[in-house]
Every structure is written in C-alpha cells, then in structure tokens.
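This is what each chain is made of:
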Amino acid sequence: MASSHNLAKFMITGLFGVVISSTALSADIAHKLRNNTQENTTTENYFELGLGLGIGRAPSLTDDDDKWAGGTLIINGSYNWNGFFVEKYGESGDPLLIGYNAYENENWSLDFVMGPKFGGLHFIDKFKELDDRNSSTMFGARLTGYLGDNVVQLSLKHDISGNSHGTLASALIGRNWQVRNWNFHSLVGVQFFDSRLNDYYYGINENEAQRTQFTQYNPGSNFNATAEVGVTYPITENWVFRSTARFRTISDADMDSPLFETTRSTAMSLTTSLTYVF
Amino acid sequence: MLTLLRIKKIKIVLLIRYLIASTCLMMASNVYASSADNTITTNTAQLEVSPKKCIALRKGQKCYLEVTFSWQHSQVSDYCLVNITTNETMKCWQHQNKGEFSFDFQSRLSNDFALRSQDSTSNLAQTRIPVAWVYKSSKRAKSTWRLF
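Line order of the protein sequences matches chains A and B.
Everything in the first sequence is counted per my numbering, starting at 110 for the first residue and increasing by one.
Everything in the second sequence is counted per my numbering, starting at 516 for the first residue and increasing by one.
Computed cross-link-like contacts, BS3-like style, restricted to lysine-lysine with a CA-CA straight-line distance of at most 27 Å:
#1 A:Lys197 - B:Lys651
#2 A:Lys197 - B:Lys574
#3 B:Lys574 - B:Lys651
#4 B:Lys567 - B:Lys651
No lab work stands behind these hints: they were computed from the structure.
Generate the whole structure from the sequences, applying the supplied hints.
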C-alpha cells in the first residue's frame, strides 16, 4: 500500500495534473471503448465503487522527484433519463458531467454537457499567498461518431463560471477489440487549452509576483497529445478489473510556469483497479 | 340386546373391511413405489457442466468459456450431447454409460444442453450455460432530434 506521502503526492499530481494534462481523455469515449461499445448506445444506469493503484512519472508542484505511486478510491456511475444524463467516470478527466443528448442517429450522437473541471492550489502551503485558482464550470458540445471499428469524439467547452473564462477543445479517436473476455482499447488524441485557461491556472499575475517569491508569468495557448491503451476484464457479474497505461505530452506553456517544482515534457502512468458494480 | 349385537357385528364387519382395504392399498402403493423406484433406477441420467456461468463485460457481447460436460447413465447405450438452443449435436458416444467432453463455449446468449439417446429427440438430462454480463446497454434510436 502506498505511504501517505506518496498518496498525497499522487493526489496532488492527479488533481492539478488534470490542468496540464489531458489525462482528460475526454471521458466517455474512454468509457465507451472500455465497455467494448462499438455502436451508438445510451449511457447505462449503473454505479460502481472500487480501489485503484498507480505508478507514474509526471511534473510535480511540490516535489523534486517526478515519480509517484499511490492508491485512490474509484467512484463511477451514470444515470440517463429522457435524454438527460449524469456521468462520473474514473477514467475520465471530467470529475462529474451532466448533459443532454440533443441528437442521435446510427452513427452520430450530439450531447450538450456541463461540469466542473480543474482544481485549486490553496491546499498546498507554498501557494497560500497566491490568488485562489477556483474550479471552472465547462459548458459545451460533445460530438461522438461511430465510424466502422473506430469511435471519434470532438468536444468544445467554455468556462461559464467566470473564473478562468477559458476554452478547451479536444479531438480523440479510439477503438476496442475483444480477445475472449478481455476487452482491450486504445485511444489517441489532441487537446487544445486556450491562453485564458493556462493563464488562470499556471500564470502568475503582477500582484502575485509582487507579494510572493514567484515571478510573473503569462502563458499562451497550447496543444497536448495524448495516448492510452487499456484492458478491462469482468471477473464476475459484479467485479471488474481494469488496467491502463497513459502517455501525454506537456507543452512549454505549462512547464515554464514557476509553480512547478519538477518539470517534464511528458507524463506517463500505469494504473490498475478493481471495482464492484452495483 | 339383539339390536346392540347387530350394531357390534356391523362395526366389526366395517373394521375388517377397513383393515382389508388399508392393507390392499398399502400393498398396492408398495408395488407402485417399487415399480417407480425401478423406473428411476433404470433410467437415471445425469448431465453436468463446469464452470457454470459465462460472464461478459457488456450485454450483447460474445462470451467465451472453456467448459467440460460430464454425464452418466445407469444403462450402457449410445448417447449424444446436444445443444438444444442451436439444435446441434456436439458429440456422440457408442456403448457407454458415462463420458466427458471439453468445449470452447462462445455465445451471446444462454445455451441449453441435453443428453439424448442417439436415435431419440427426448432429453434424458438437461443443463444450461447462462450468459451473464456486468453492464447493460441499449441501442439508441435510429435518428432523433430532441427538444426536451
């Protein structure tokens, strides 16, 4: 089991890492691929709880070591009613998503979605003097296509909370294949973070620079590439095993931020989980 | 006095009739029981499959399971293992009263299996491989615009 130090480090990497990241392999395409859903299906109503363990290398806000290891509680679920849905997928970069399915046919599905994204910094002592980085409420559209054996997902979201005023876009393509009862999937994609998003979470404004040791920093926009491969196996009707390897690039716009203690141009992780589906 | 004697006589007759009837019934039921026991003994068949259940991740997905059927019958004869769901004969045995058969089960649905005499369509024993899944999913409509 991970030590508390490692666990904290993992959580920090996980929470703030989302900003830089693109662990955010937009949610449900990963979920759809994991469930071996190659056709347009409704979001299932279900709930699951589990434990996950992971190791990886990523930039760190607090440590001079880029390696992390730890465990996490997994809470997944979705509920669909008359086109409205609530999703919470552990494999997603979106902590919680509510949405409405506006259009669907055999091959395409268009959803309007809204949910909180990105975390704050105030839980780390060395950032206490900085302005709060509050969560953004990203609202936008998500188009999912089922093209042969591939699933594509395009999304465009904008912060409507007034915190970051940022815009996030992503294009992802993936596929799955079944080897007996083992369900493999792969996913590649690119994400775009606009300058307002980067500036709010990674920037240091003039006032902050004056009252802290951090130097002023105003990042521009950036693209991150991301890839993942994973496997999902149903152990019983209720227990599911998952394992995923992820890789992503991290742009200079993120890594030049004085907030980081350790920087890297890439991040990678290997996670394994066991969940109970109710 | 005479009346009393007559009543007693009638009672004794009734009692004797009752005893005779009961004895006959008991004898008859014993005969039936032994006859039934013989039927069960002569036609006992067992069919089992292991492991029992095939688990897929999602409803509608093909499920894979290596299974072994084992059967036995009290009489030596020619028997076949039949997949009742697909109406497919999987394996036949000649002059046997027991057997085993390993099989790579692949199906999206639960399948029923039976042991039959080779030249018969009646099932001597039956078993099932249920296909279960973790996540349910249902196909969306062909083309729909929604406005609440």
